[in-house]
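Enquirer: Whenever a hint applies, use it, and build me the whole structure from the sequences.
Protein chains in written order, with my numbering: chain A, 1 to 410; chain B, 1 to 410.
One should not assume that every hint holds.
The list treats identical chains as one, so a pair stands whether inside a single copy or across any two.
[Unchecked claim] BS3-like, lysine-lysine: derived pairs with alpha carbons at most 30 angstroms apart:
#, residue 1, residue 2
1, K351, K248
2, K335, K63
3, K356, K403
4, K248, K31
5, K260, K248
6, K340, K63
7, K139, K356
8, K369, K403
9, K264, K369
10, K63, K356
11, K356, K27
12, K63, K248
13, K248, K269
14, K369, K31
15, K27, K403
16, K369, K27
What the hints contain is simulated information worked out from the structure, not anything from laboratory work.
Number of protein chains: 2
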Amino acid sequence: MSFNEIIGGVCAPKGFKASGIHCGIRKNRTKNDLALIYSEVPASSAAVYTTNLVKGAPLTVTKNNLASSGGIAQAVICNSGNANTCNANGVEIAQAMCELTGQALNIKPENVLVGSTGVIGQPLDIEPIKNGIPELVSKLTSDFSGSNLACEGIMTTDTVKKEVAVEFDLGGKSCKIGAIAKGSGMIHPNMATMLIFITTDAAISSEYLQAALSENVQDTFNMISIDGDTSTNDMTVILANGMASNAKITSRDENFEVFKSALKFISVKLCRMLAGDGEGATKLLECHVTGANDIPTAKTVAKSVICSSLFKAAMFGADANWGRVLCAIGYSGAKVDVTKIDVAFESEAGKIDVCKDGAGIDFSEEVAKNILLKPEINILISLNSGNNEATAWGCDLTYDYVKINGDYRT
Amino acid sequence: MSFNEIIGGVCAPKGFKASGIHCGIRKNRTKNDLALIYSEVPASSAAVYTTNLVKGAPLTVTKNNLASSGGIAQAVICNSGNANTCNANGVEIAQAMCELTGQALNIKPENVLVGSTGVIGQPLDIEPIKNGIPELVSKLTSDFSGSNLACEGIMTTDTVKKEVAVEFDLGGKSCKIGAIAKGSGMIHPNMATMLIFITTDAAISSEYLQAALSENVQDTFNMISIDGDTSTNDMTVILANGMASNAKITSRDENFEVFKSALKFISVKLCRMLAGDGEGATKLLECHVTGANDIPTAKTVAKSVICSSLFKAAMFGADANWGRVLCAIGYSGAKVDVTKIDVAFESEAGKIDVCKDGAGIDFSEEVAKNILLKPEINILISLNSGNNEATAWGCDLTYDYVKINGDYRT
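Expert: Now the structure itself:
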């Protein structure tokens, strides 16, 4: 299936507008701290949330709103600079954000979804948000600059903006999916919080939108790790406003599969952006596991390798220390036959086999180093025990990770 | 129960000798790379091993020897500089180490236990070991210097020697337990391999020695984490030669409990040494969890907190970022009521409450910083849901961790 990547982020699909401003949550006036995404018409909506027991108040409110609206939303508001988590009045503040946004847009508060990212456990003042919403609404635009400004509004220690959009055909109609994301880190560093806001003009019921999203995250966003710390505020939200006028997807038909493939296409793009821009990262690591007995085994192995601090540090040092790959597979909990494992490293500089049947083989350290000095590294693991595979994304562990996260909050 | 800490390490108990030399596995001639511990008489012996599926060949051979000897051993030989893991001829080499040691000591090879630590996947040459064993045996001494030299022989990137010994009364007889340990890192950096060799002159059957050791590690060595990477070569071995002439422990009687307490006493000492000397560490972190519904919950919470890269980096920066403690509890998998959690930080500079009922409270950042600038930090977590507790030990995440583990192997 081929997908045509286009520009425009969340504003690429028909009927979506966005904006972003600095309202005053952050002291640094050069960084946006409030973002809004708006659909001209009510949209089928779905979301997935962090599995952390400590959940940000905005996640609770978003979940409640989707429940009471029957999966219909028309706007997403999100601030950065404060996670609104572990605060006594967190839910109240998150609800106020929805109410104020709803008033300004003349829509019901329960049709507004809400996100926050930033430091945990510091009360979030509603005043700058309240004062900022009129400007935020007045700046809404379907121009691509809107997506750009919204993307800026949710960034924390991200060093690059993460926007993507794709065009595809659904039963003869041109459909689009767009997204913005924030990755790993905060200006007052805290969680490697991940927020993904996705828009699409495809027509699809909330039920099947939720199914597509939930199934998608298992192979994409749930396969990233920057530092093994699951955030309290992770959330992925999708709004589908149907303005592409395709026949509404209400079953697992061929169009559902096409939609899921397009969703996966943009999700993988975002995963690579998120992992490559992990806190302090100098390298994107992509771990491909093949030949697994089953998919859970392939996933467990791939995630264990990209989560290993020792392996991540070796990648920072461009050190072909494959023993750490074997070690991480060995403690992953996956049932594998160690004596069948092959490992290779690959980058734009070439590919090198380093381990065969669970034991080392002769290889040129110089060639391996040249391969590992590149900014995108593939770790290729063959378990040689079946036909299932998985991919996980991560980054190297660097001095800057320690620096970013060892700094004072204040 | 009171224990009298004494000097002498593994040579403190009656009838034990030790030695350490440089035999040539390491290129650096100033570092010992071969260690031997010897009991004048056959000793009840027990061991616990890493749970990593990828296991060093020495572990396989030690396990086999303990099985064929019925839990009786008289010597432990261990090299550093090479883990003898993921090598085609690993078992053969480890067996040769036992055979050569047995010949030189005039004991059966199956009464020799063997360990290795160092880089994975590089063939281990038996020649320097073969050539070194006569000198190693000739230098055996019950003098405390023997324990010291043996301890040096198993060190890798350890910056301090880890020796401990304790004296206690068992049914009117003075008994001793001594130990040496190596912690986190390698001169060719690889796994945070942990090796613990314990000697005692207490009389106890192999069966109850194994029980005491297995139960002990659950609360001590299994509660340490330097970087979340479970080594392929972790092993704890204990030899009990009975020369203290106490009535042999062959049941779960009062003496068994005293012996276990003494074992725990030295184990906790070693845990603190190991964690405090974690790779690159500037701070020892001790996390006490109280008020848990059950012990597994307390352990899960304590380990999750000391394993969090974000929290470890915050401790390096002396940042009282308690949100990361809550976050790590939240994703630990333990079933806890988040709204009941209290958190405090404590060191020699004092104690400060930072979180009450799962939410932030006002506290002086300056006072908190002064507390967290000290080299030993207690993280006190009250779950306020029961009467069970647990302790885990770890260290901060620093630039030097990245440096040590990002360096080339060669």
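Enquirer: As a check of your reading, is K369 near K31 (CA-CA no more than 30 angstroms) within one copy, between copies, both or neither?
Expert: between (38 angstroms within a copy, 28 angstroms between copies)
Enquirer: State whether the alpha carbon distance between K139 and K356 is at most 30 angstroms within one copy, between copies, both, or neither.
Expert: neither (58 angstroms within a copy, 41 angstroms between copies)
Enquirer: Between K248 and K31, at a C-alpha cutoff of 30 angstroms, which is it: within one copy, between copies, both, or neither?
Expert: Neither: 39 angstroms inside a chain and 72 angstroms across chains, both beyond 30 angstroms.
Enquirer: State whether the alpha carbon distance between K340 and K63 is at most 30 angstroms within one copy, between copies, both, or neither.
Expert: So K340 and K63 pass the 30 angstroms test across copies only (23 angstroms; inside, 45 angstroms).
Enquirer: When no copy is specified for K248 and K269, does a C-alpha distance of 30 angstroms or less occur within a copy, between copies, both, or neither?
Expert: within (26 angstroms within a copy, 66 angstroms between copies)
Enquirer: When Cα atoms must be at most 30 angstroms apart, do K356 and K27 count as within-copy, between-copy, both, or neither?
Expert: between (54 angstroms within a copy, 27 angstroms between copies)
Enquirer: Between K63 and K356, at a C-alpha cutoff of 30 angstroms, which is it: within one copy, between copies, both, or neither?
Expert: For K63 and K356, the Cα distance is within 30 angstroms only across copies (26 angstroms; inside one copy 48 angstroms).
Enquirer: How would you label the pair K260, K248 (within, between, both, or neither) given a Cα cut-off of 30 angstroms?
Expert: within (14 angstroms within a copy, 68 angstroms between copies)
Enquirer: What label fits K369 with K27 when the C-alpha limit is 30 angstroms: within, between, both, or neither?
Expert: between (43 angstroms within a copy, 23 angstroms between copies)
Enquirer: Please sort K27 with K403 into within, between, both or neither, judging by C-alpha distance up to 30 angstroms.
Expert: Within one copy only: 21 angstroms inside, 34 angstroms across.
Enquirer: How would you classify K356 and K403 at a CA-CA limit of 30 angstroms: within, between, both, or neither?
Expert: between (37 angstroms within a copy, 29 angstroms between copies)
Enquirer: With identical chains treated as interchangeable, where does the CA-CA distance between K351 and K248 reach 30 angstroms or less: within a copy, between copies, both, or neither?
Expert: Neither, since 45 angstroms and 61 angstroms both go past 30 angstroms.
When held up to the earlier numbered hints, the structure conflicts with 1, 4, 7, 9 and fits the remainder.
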